[in-house]
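Asker: For this one, chain A is given, so just place chain B on it according to the hints.
2 protein chains.
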Amino acid sequence: MAAAEEGFRPLEEESLVDYIKSTPALLVQLGEQLEGLAIKEVGDGNLNFVYIVTSPGGSFVIKQVQYTGLIIEQSTYCFVVQTCIKLMITSKSHLICLATQALPYIRCIGTSWPMTKERAYFEMLALKEHGRLCPNHVPEVYHFDRPMSLIAMRYLKPPHIILRKGLIAGIEYPLLAQHMSDFMARTLFFTSLLYHSTLEHRKAVAEFCGNVELCRLTEQVVFSDPYKVAQYNHWTSPHLDHDAEAIRDDDILKIEVAGLKSMFCERAQALIHGDLHTGSVMVTNDSTQVIDPEFAFYGPMGFDIGAFLGNLILAFFSQDGHANKDNDREAYKRWILKMLEETWNLFHQKFVALWNENFDGHGEAYLADIFNKPELQLLAQKKYMTDLFHDSIGFGAAKMIRRIVGVAHVEDFESIADGSQRALCERRALDCAKKLLKERRKFESISQVISVIEEISAR
Amino acid sequence: MAAAEEGFRPLEEESLVDYIKSTPALLVQLGEQLEGLAIKEVGDGNLNFVYIVTSPGGSFVIKQVQYTGLIIEQSTYCFVVQTCIKLMITSKSHLICLATQALPYIRCIGTSWPMTKERAYFEMLALKEHGRLCPNHVPEVYHFDRPMSLIAMRYLKPPHIILRKGLIAGIEYPLLAQHMSDFMARTLFFTSLLYHSTLEHRKAVAEFCGNVELCRLTEQVVFSDPYKVAQYNHWTSPHLDHDAEAIRDDDILKIEVAGLKSMFCERAQALIHGDLHTGSVMVTNDSTQVIDPEFAFYGPMGFDIGAFLGNLILAFFSQDGHANKDNDREAYKRWILKMLEETWNLFHQKFVALWNENFDGHGEAYLADIFNKPELQLLAQKKYMTDLFHDSIGFGAAKMIRRIVGVAHVEDFESIADGSQRALCERRALDCAKKLLKERRKFESISQVISVIEEISAR
Numbered sequence: 001m002a003a004a005e006e007g008f009r010p011l012e013e014e015s016l017v018d019y020i021k022s023t024p025a026l027l028v029q030l031g032e033q034l035e036g037l038a039i040k041e042v043g044d045g046n047l048n049f050v051y052i053v054t055s056p057g058g059s060f061v062i063k064q065v066q067y068t069g070l071i072i073e074q075s076t077y078c079f080v081v082q083t084c085i086k087l088m089i090t091s092k093s094h095l096i097c098l099a100t101q102a103l104p105y106i107r108c109i110g111t112s113w114p115m116t117k118e119r120a121y122f123e124m125l126a127l128k129e130h131g132r133l134c135p136n137h138v139p140e141v142y143h144f145d146r147p148m149s150l151i152a153m154r155y156l157k158p159p160h161i162i163l164r165k166g167l168i169a170g171i172e173y174p175l176l177a178q179h180m181s182d183f184m185a186r187t188l189f190f191t192s193l194l195y196h197s198t199l200e201h202r203k204a205v206a207e208f209c210g211n212v213e214l215c216r217l218t219e220q221v222v223f224s225d226p227y228k229v230a231q232y233n234h235w236t237s238p239h240l241d242h243d244a245e246a247i248r249d250d251d252i253l254k255i256e257v258a259g260l261k262s263m264f265c266e267r268a269q270a271l272i273h274g275d276l277h278t279g280s281v282m283v284t285n286d287s288t289q290v291i292d293p294e295f296a297f298y299g300p301m302g303f304d305i306g307a308f309l310g311n312l313i314l315a316f317f318s319q320d321g322h323a324n325k326d327n328d329r330e331a332y333k334r335w336i337l338k339m340l341e342e343t344w345n346l347f348h349q350k351f352v353a354l355w356n357e358n359f360d361g362h363g364e365a366y367l368a369d370i371f372n373k374p375e376l377q378l379l380a381q382k383k384y385m386t387d388l389f390h391d392s393i394g395f396g397a398a399k400m401i402r403r404i405v406g407v408a409h410v411e412d413f414e415s416i417a418d419g420s421q422r423a424l425c426e427r428r429a430l431d432c433a434k435k436l437l438k439e440r441r442k443f444e445s446i447s448q449v450i451s452v453i454e455e456i457s458a459r
Numbered sequence: 001m002a003a004a005e006e007g008f009r010p011l012e013e014e015s016l017v018d019y020i021k022s023t024p025a026l027l028v029q030l031g032e033q034l035e036g037l038a039i040k041e042v043g044d045g046n047l048n049f050v051y052i053v054t055s056p057g058g059s060f061v062i063k064q065v066q067y068t069g070l071i072i073e074q075s076t077y078c079f080v081v082q083t084c085i086k087l088m089i090t091s092k093s094h095l096i097c098l099a100t101q102a103l104p105y106i107r108c109i110g111t112s113w114p115m116t117k118e119r120a121y122f123e124m125l126a127l128k129e130h131g132r133l134c135p136n137h138v139p140e141v142y143h144f145d146r147p148m149s150l151i152a153m154r155y156l157k158p159p160h161i162i163l164r165k166g167l168i169a170g171i172e173y174p175l176l177a178q179h180m181s182d183f184m185a186r187t188l189f190f191t192s193l194l195y196h197s198t199l200e201h202r203k204a205v206a207e208f209c210g211n212v213e214l215c216r217l218t219e220q221v222v223f224s225d226p227y228k229v230a231q232y233n234h235w236t237s238p239h240l241d242h243d244a245e246a247i248r249d250d251d252i253l254k255i256e257v258a259g260l261k262s263m264f265c266e267r268a269q270a271l272i273h274g275d276l277h278t279g280s281v282m283v284t285n286d287s288t289q290v291i292d293p294e295f296a297f298y299g300p301m302g303f304d305i306g307a308f309l310g311n312l313i314l315a316f317f318s319q320d321g322h323a324n325k326d327n328d329r330e331a332y333k334r335w336i337l338k339m340l341e342e343t344w345n346l347f348h349q350k351f352v353a354l355w356n357e358n359f360d361g362h363g364e365a366y367l368a369d370i371f372n373k374p375e376l377q378l379l380a381q382k383k384y385m386t387d388l389f390h391d392s393i394g395f396g397a398a399k400m401i402r403r404i405v406g407v408a409h410v411e412d413f414e415s416i417a418d419g420s421q422r423a424l425c426e427r428r429a430l431d432c433a434k435k436l437l438k439e440r441r442k443f444e445s446i447s448q449v450i451s452v453i454e455e456i457s458a459r
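Listed in order, the protein sequences are those of chains A and B.
Quick note on numbering: the first sequence equals residues 1 to 459 in full-length UniProt numbering.
Quick note on numbering: the second sequence equals residues 1 to 459 in full-length UniProt numbering.
If we strip away everything but chain A, and leave its shape as in the complex, we get (with noise of 0.2 Å):
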């Protein structure tokens, strides 16, 4: 229980000026300059205490995980569960991990204190990892209290929204592909055995191992609930009731998730983000920031790619519900696929770049030595490519459909009222989705993808 853990005590505004006051690395950010001092509570008010402080001197957020030492009732924690699940799509917030272990749910989500605390820890760690390969788009990690759970960091300051209300809102971003492949090919490459020995990958690899328990939610939720009758799946029902059986039904389908299933639970190939959706990225018209890597681990990097090209794509089919007179959102779809397509082709640019800037470096997956002629280069990343786009494309597409018919929704949807508009697009998502699983070792293009993607949408 929480309140028991030595050394955790819950902030609140005024015990967070005391603790501000006694932290140099806080007090630093905010020159020192404590008069004028304002705190503003912007967390979701459930799951974690977000804090905006500012200061005449600077600013930045306090974010600490809020824990509950209370045995809650089934029916309260199903709707906590749904609610959290939903809120970490949604906005920048997070899921707790209750302190029980009396119900079904919490045996996947993690059973005790010391696994939810190291979710903060193995977020900072990302953070920084992240900040420091691609630091132009992660915000800075100012201050971690590691028995507090605590991290301080930049504050996105306005108007920085979730990218994914921005999509909902249909805002282009003319940036983003740009910034995205960025992040991407920087954060991928420079964790994968294209850059590490396998000294520090193994390393690496073995602390990450302890982020275990929200890997296990990813596993439930995204590979395994979504193919099964589990009770916190749901759908827009009636309609889709028949296409969620079908899922089920699916034995290709479900053959193809268990490969992607073991590639998650196996395959330590980079420190990927573990929940590259289009809810943990923050943008205006010129900055891309991406936050909330409590997920992050070692892992297949198809991951990480399918999870943003595949919310992308969600957003994409959700277009068609949020058309009006004014706007039929044709357009804005037209630019969803644009950036699809730019991200994916400038990532595999951005990515092959470094990989021959660093050819003769201490990565040991392709050694100059043996891979010692520009043809023969070529050809192994071409091969690394396609396998990369394959995965991508799988996974990406498993995380479409498990946010139509599984546990966790997404807004680009949810924000449908019309239950048969919604349902039509969601529908087509689904198709999409699996067609893209099923048949991916046949795509040599994103531009392929994309044709599937109009075809089906123009049914």
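Hints are computed from structural coordinates only; laboratory data are not their basis.
Please read these numbers as outputs of a predicted model, since none were measured by experiment.
Mixed in with the good hints there might be a few duds.
Heads up, the list lumps identical chains together, so a pair's fine if it works in one copy or across two of them.
[To be verified] Under the rule of at most 25 Å between Cα atoms (straight-line distance), these lysine-lysine pairs were calculated in the PhoX-like manner: (1) Lys382 x Lys442; (2) Lys382 x Lys228; (3) Lys434 x Lys373; (4) Lys338 x Lys325.
Answerer: Relative to chain A, chain B alone:
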């Protein structure tokens, strides 16, 4: 340096007696009977101390890593590295990690005492886990002393000999395939996600990440050195000069091997022995014991299966070099192929049987709620076993290649005195390995692999 490390002191016969007297776990093995105690050193003299300890009341083997604290000259060092790697292959002896950073190989093998010490720790961990899962085929660990890097285990009494020596001598072991398929099916199945929850899996994966130094040795000598110009590579020269060069110039082969190397480095599929060649198995007519799992870690299952099968194929191709007027070895060659066929087929059968027995268990790769029909289970198993078969062929072939053109050769070939005859045998093995490795995904059964072997053997 060894001597400086707290708690470590190398034991000689005299100090070993004192050590036994002060160690209750060892006294028990001797039935507290010290009168008539006999100690026989059987280590290779350079790399490990191995003592057989017997008294009228019982017996055991003591194995202690022998450290050197000396900075040695490069010429001596090359000899030591080659010798010790060769000994690793041909006997149950061990590689020592030298305590200096000055020389090129040493960076790859391990630079410091703590890593070296951990080697004994991981060997003990794996011996215990293998023994728990397959007690009939693994010697029991009686005692482990971590500061002393010392393992006491069951003495495998005569007529136990190293399997490789038995294969060179042309001895048939009627239960070999039965026993080895048992060992592999049980140790691999029960440490995979077909049996493990991801919670226990990631915890075990993290622990064995510590055995990185020996993994790095494998990465270098199996997956890298044979495919480039490397100082310690050697082969039967001048006979195989062109063959070795052809390996280094084979682009398709190098791409395929790089894929296997990445799988070795990234994929934590099960606890593997890591060095399961015919020199790590001791046999009698009715006993089969797997020893020396010092390379153990969570890696791809196919690496173990391939190591064993690949070394049987090497034994097969070496037989012509051991034929003489009294024995043309043709019957023995057929027996080896029978073992190859039976080992895989029995492994397949036993592994799938364990899977079926545990289908409703806590293994998380294929949940019973999702794979909820017999025909779907069958489909999943078919895909899994086919992939595993292809991995095994690929890793087995890679292990064959490195034994012919890499740093560490096998006694099967090395004991063929005539260079031309040896080269002939080796070239066939090499050609077979290249074909198997590059075309492995085409094979549907072990009998097809055997057809390739027979065809190349008949050339």
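Asker: Each hint should be assessed against the structure and marked as holding or not.
Answerer: To see whether the hints hold, each was checked on the structure:
{"no.": "1", "hint": "Lys382 x Lys442", "in the structure": "both (15 Å within a copy, 22 Å between copies)"}
{"no.": "2", "hint": "Lys382 x Lys228", "in the structure": "between (37 Å within a copy, 21 Å between copies)"}
{"no.": "3", "hint": "Lys434 x Lys373", "in the structure": "between (40 Å within a copy, 21 Å between copies)"}
{"no.": "4", "hint": "Lys338 x Lys325", "in the structure": "within (24 Å within a copy, 76 Å between copies)"}
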